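Participant: One letter stands for each residue in the lines below.
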Amino acid sequence: MNDTIRAQISAFVDGELPENEAEMLLRRMSQDRELRQQAAEYLAVGRAMRGERTFAGMDALRERISDAIDDTSVQQDLESVVSGSPRYLRPVAGVAIAATVALAAVLGLQQMTGNIAGDADQARDAVADADNRGYVVPDQADDQLREYYLRHAASSSYVGASSINARLVTLELVDGVLVETEEEPESDDATAPQTP
Amino acid sequence: MRQLSATATVAIGCLLAGTPSVAATDLSPNDWLSKMADAVKSTNYEGTVIRTRNAKEEVLKVVHVVTDGVIRERVVVQEGNGLEIIRNGNEVKCILPDLQEVRVEEWNDQSTLFSTLPSTDIRFGSEYDVSVVRTERVAGRKAVLLAIRPHDEYRFGHRIWLDAETGFPLQTKLIGDEGNAIEQVKFADISLGKEIHSSALAPSISTDNFRWFTSPKRTITHSVKTDWSSDDLPPGFRVIDSHKEELPGSEKPVTHILYSDGLANVSVFIETAKGKKPARRSRVGASNSFSIQVGDHQVTAVGEVPARAVEQIASSMQSNP
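Protein chains in written order, with the working numbering: chain A, 1 to 196; chain B, 1001 to 1321.
Think of the hints as simulated: they come from the structure by calculation, not from any bench.
Note that the structure is a prediction, hence the values are computed from the model and not measured.
Any given hint might turn out to be false.
[Unchecked claim] Away from chain B, derived, C-beta distances all over 12 Å, residues of chain A:
id	residue
1	6
2	21
3	37
4	147
5	155
[To be verified] Reference excerpt, derived from the structure (chain A facing chain B, CB under 8 Å, subset only):
id	residue
6	4
7	148
8	149
Here a beta-carbon is modelled for each residue, glycine too, at the ideal position from N, C-alpha and C.
Excised from the complex, chain A in its bound form (with noise of 0.2 Å):
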């Protein structure tokens, strides 16, 4: 593998080569493991730098490269980054600096989909839509949780009542990210009884 191929993959990653080279690299990759392993291995290392075991996006981009060479294989060859084998998590001197714009990577992801949602399904739906304009509110702190505010803000309006505060809440939501999140220490007081 020569360096040009490196830089491709690495430009790959961060979302921003061209959209022609783009699919000849994934045409390359659906017949080449070794080219898909290094994606791999850049994706993970920008992830053992920030010390997490998976991040955002990593599904999306995972999906992406899944889903445009159609091949189980990369599939598999990506999923041995997010179960987070020890030797990825190993920096390796030679893709470091590609590493380092991991995050940018994750970001340029987020401009090509307007997604950067952990969920897969999710994420493999706003790539499949990003040329239909598809949406899913990018950054937010904790979607499923959002939803719940949305959701009641919208069934507050039919009782009336104090739902004033709740339509400020949307506003909130759009203009911003929840706040003041904050977990209870693990106890068993934590987690109420079992249900019968």
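Position chain B against the provided structure of chain A, taking the given hints into account.
Facilitator: Structure of chain B alone, referenced to chain A:
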């Protein structure tokens, strides 16, 4: 002498402004709430709103028009990122100038930013007291102040300033259990009931080069009878509705139970837990949430109530098949 007389007239006028007028006191608190409910359904308005929370102010420009039952609205945040929300019926466009993005969403509800406050169906008594306090001036208009005071610590208090002429809410304030203002929404200026040109509802900036995003389908809802219930609801709360919804990010439909005491609402969402998670609380504006695992399910309560209320409700949910 003529000058003195004029001064006296102004002084008397000022005194009257701080005293309930005959017209204001003629109506009962519930009459005022009915008048307000009618006003918010049909009144066109345009004005500047100041929202205050956590000692921070945010200024919004608001235009609201109702034509043949269809709501059209424009809300523009005057500071920060300049967010604009344009509503035409159920379609809502959120314009984010800093990101050069337009997000199109569908709101299936009929609420607007300022349209929903206590309805005439609310019965006050055991959980709240409501009273007419006095008349004041808000946004240059004479306003009647209503106080809604809770009897316990499971709900917030409200102060609502209603336009004395139309009943339209000019100012609302949410009061915490220590008497502190949690959130206030107040018109600094307002034009009520006048014809508003459609150009006032158009975006203030060109979105030609913006990226547009359309919302995924948010929900499919159907009413269900659920096995879930609370065995320790705060006093006065009762089930208003229960249904299942499909939410983005949730593999299976989520059970959604809506509780209300007639003024404060709490939603409880129940879905199959994805692994073990510690209990968690969060807050957005005046809304609190508490999430806890109950058996194999994740139970999350969300509402415009104090944190202790959502914690008690979520923690007391049980499945009784």
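Participant: State for each hint whether it applies.
Facilitator: Hint by hint, here is what the structure shows:
1. 6: holds, 31 Å
2. 21: holds, 22 Å
3. 37: holds, 29 Å
4. 147: violated, 5 Å
5. 155: Non-interface label on residue 155 of chain A violated, nearest chain B Cβ at 5 Å vs cutoff 12 Å.
6. 4: Hint violated; residue 4 of chain A Cβ to chain B Cβ min 31 Å, cut 8 Å.
7. 148: OK, holds: residue 148 of chain A within 8 Å of chain B, min 5 Å.
8. 149: Holds. Min distance 6 Å.
When each numbered hint is compared with the structure, violations occur for hints 4, 5 and 6.
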